[in-house]
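Taking the hints into account, I'd like the entire structure generated from these sequences.
Number of protein chains: 2
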Amino acid sequence: MSYLSIQGNVDPRARSSYPFLRAPVRHANTTLRFEREQVICLPPDAAQVFKIISGWVRLVQDLADGRRQIVSFHGKGDFVWCMRNASVSICAEAIEETLLICADGISKEEMHQAALQQMVEAQKHVLLLSQRSSDERVASFLLDMQRRMGSSRIFSLPMSRADFAAFVGMKIETISRCLSSLQQRGLIRLHGLRGVEIPARAALERLLQ
Amino acid sequence: MSYLSIQGNVDPRARSSYPFLRAPVRHANTTLRFEREQVICLPPDAAQVFKIISGWVRLVQDLADGRRQIVSFHGKGDFVWCMRNASVSICAEAIEETLLICADGISKEEMHQAALQQMVEAQKHVLLLSQRSSDERVASFLLDMQRRMGSSRIFSLPMSRADFAAFVGMKIETISRCLSSLQQRGLIRLHGLRGVEIPARAALERLLQ
DNA sequence: CGGTCCGTTGATAGAATTCAACGGTTGTGG
DNA sequence: CCACAACCGTTGAATTCTATCAACGGACCG
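These protein sequences, in sequence, are chains G and Z.
Letter 104 of the first sequence, counting from 1, is numbered 104 in my numbering, and no numbers are missing.
Letter 33 of the second sequence, counting from 1, is numbered 33 in my numbering, and no numbers are missing.
Quick caveat, the hints were computed from the structure, so don't treat them as lab data.
Heads up, the beta-carbon is just placed ideally off N, CA and C, and yes, glycines get one too.
Fair warning: there could be bad hints in the mix.
What the hints assert, rightly or not - No more than 27 Å apart at the CA atoms, straight line, and that leaves these computed lysine-lysine pairs for DSS-like:
id	chain 1	residue 1	chain 2	residue 2
1	G	K124	G	K171
2	Z	K51	G	K51
3	Z	K124	Z	K108
4	G	K171	Z	K124
5	Z	K171	G	K124
6	G	K108	Z	K108
7	Z	K51	G	K124
8	G	K124	G	K76
9	G	K108	Z	K51
10	Z	K76	G	K171
11	Z	K51	Z	K124
12	G	K51	G	K108
13	Z	K76	Z	K124
14	Z	K76	Z	K108
15	G	K51	G	K76
16	Z	K171	Z	K124
17	Z	K51	Z	K76
18	G	K108	G	K124
19	G	K124	Z	K124
20	G	K51	Z	K124
21	G	K76	G	K108
22	Z	K171	G	K108
As the list claims (entries may be wrong) - Just some of the chain G residues that point at chain Z, by a computed CB distance under 8 Å:
id	residue
23	Q61
24	I90
25	H125
26	L127
Structure follows, in structure tokens:
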């Protein structure tokens, strides 16, 4: 396995077994495949909007000092676009093997709807970050992910603890403590590193009032 | 002074000297005046979008348990719209005497631009809340307000400490401590309850790296 | 002039982070 | 296939940060 040689600040992912600069695999005219940990760069001729066919994607904002904020996670059916601006620069990255289609032909109406939805999500996130305790944030995230994974009692988180933590604005140790605490209280059950079982959704929801 | 009589949870503002249910004053066809602490309800026939001519407005999300999150502040020239949805309900309120025009005739392009800007602001807010210490949040807010007030060295905050706190996700005591600390370090100077002086903007910005 | 509201400050309690150690899993190369 | 290394996640102890509770002074309003 050969590594990319990079000057200056070396992105930790560049040292992992997944060199992060690599071209996506083109399957059909508009279908692209990205692998785990790959930064999603669309062909320059495509509109910078895409729709996820399968897999999971994170939107990431890197800070000067190395911390990173995860803005949102997106799965099957979601529309995603890169927001770049003088003051914010947010990148999309695949967190597992992901298929997507470049969405040049999306209707204005559909786009508008998606933008509004993202706005609502952003507001909910602000509320989560500023008003919730660590237990509540973790519970809220698990409930949200369960819903998005199809509401089955047992599901598998698509992201690592580090991504989990970077999204809810906590440290991974605190995430771990909260998960253990919720498990001890019988509100969840953990299966391996990614598996989560929610025996009674109502009980967990009661945490959030 | 007669008070409104309200059953159940009494809004604290209902007990203040500004009863909060009241019609705005109509100046011209489309120009409305709202007073301090007044909830901004637009006439039902108007588009629920407006532009601020003068004054300051806060967007507020009230929680079931009485806490409130301030989503954003808006001043002269800003476009504002109320976002209502199954999962979020955000209201606009004047924090001082405010003139605005209902903006039925705003171009699509202008609206789109404003929406994008709000999206960017929301992301910056998420970053502030999840990655910044209390000192950094206060410094960041002061710098932002200074810029919006015209970048003069001395300016007057349009909002109370309570609103300040509800925006940056802290308690008013902590806000007060941070302001005192920044003043002792020579990074700011306080003038009365609302006045703020930033002797050297660069020094304060250094706090944020 | 007196009361209420707003902001500041101090002492204490509580929550989350930091630092450190450890076990388990995964991937790599022999 | 096995051994080893790197990474990921969990747990404990100590520290740091913020909230809470309480008291107080000043501004504003009637």
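Against the structure, the hints:
1. G:K124 with G:K171: holds (20 Å)
2. Z:K51 with G:K51: It is violated: about 34 Å lies between the C-alpha atoms, which goes past 27 Å.
3. Z:K124 with Z:K108: holds (24 Å)
4. G:K171 with Z:K124: holds (20 Å)
5. Z:K171 with G:K124: holds (20 Å)
6. G:K108 with Z:K108: Judged against 27 Å, a Cα distance of about 12 Å means the pair holds.
7. Z:K51 with G:K124: holds (25 Å)
8. G:K124 with G:K76: Roughly 21 Å between the alpha carbons, so the hint for G:K124 and G:K76 holds.
9. G:K108 with Z:K51: Since the Cα atoms of G:K108 and Z:K51 sit roughly 24 Å apart, the hinted pair holds (cutoff 27 Å).
10. Z:K76 with G:K171: violated (39 Å)
11. Z:K51 with Z:K124: Roughly 22 Å between the alpha carbons, so the hint for Z:K51 and Z:K124 holds.
12. G:K51 with G:K108: The given pair, whose Cα atoms are some 14 Å apart, holds under the 27 Å limit.
13. Z:K76 with Z:K124: holds (21 Å)
14. Z:K76 with Z:K108: Since the Cα atoms of Z:K76 and Z:K108 sit roughly 20 Å apart, the hinted pair holds (cutoff 27 Å).
15. G:K51 with G:K76: Answer holds: G:K51 to G:K76 is near 8 Å, not above 27 Å.
16. Z:K171 with Z:K124: holds (20 Å)
17. Z:K51 with Z:K76: Cα-Cα ~8 Å, so holds.
18. G:K108 with G:K124: holds (24 Å)
19. G:K124 with Z:K124: holds (14 Å)
20. G:K51 with Z:K124: holds (25 Å)
21. G:K76 with G:K108: Since the Cα atoms of G:K76 and G:K108 sit roughly 20 Å apart, the hinted pair holds (cutoff 27 Å).
22. Z:K171 with G:K108: violated (42 Å)
23. Q61: holds (6 Å)
24. I90: This hint holds: G:I90 lies near chain Z, its Cβ roughly 7 Å from the closest one there, short of 8 Å.
25. H125: OK, holds: G:H125 within 8 Å of chain Z, min 6 Å.
26. L127: At about 5 Å, which falls below the 8 Å cut-off, the nearest Cβ of chain Z leaves the hint on G:L127 intact, so it holds.
Going down the numbered hints, you'll see the structure goes against 2, 10, 22, while the others check out.
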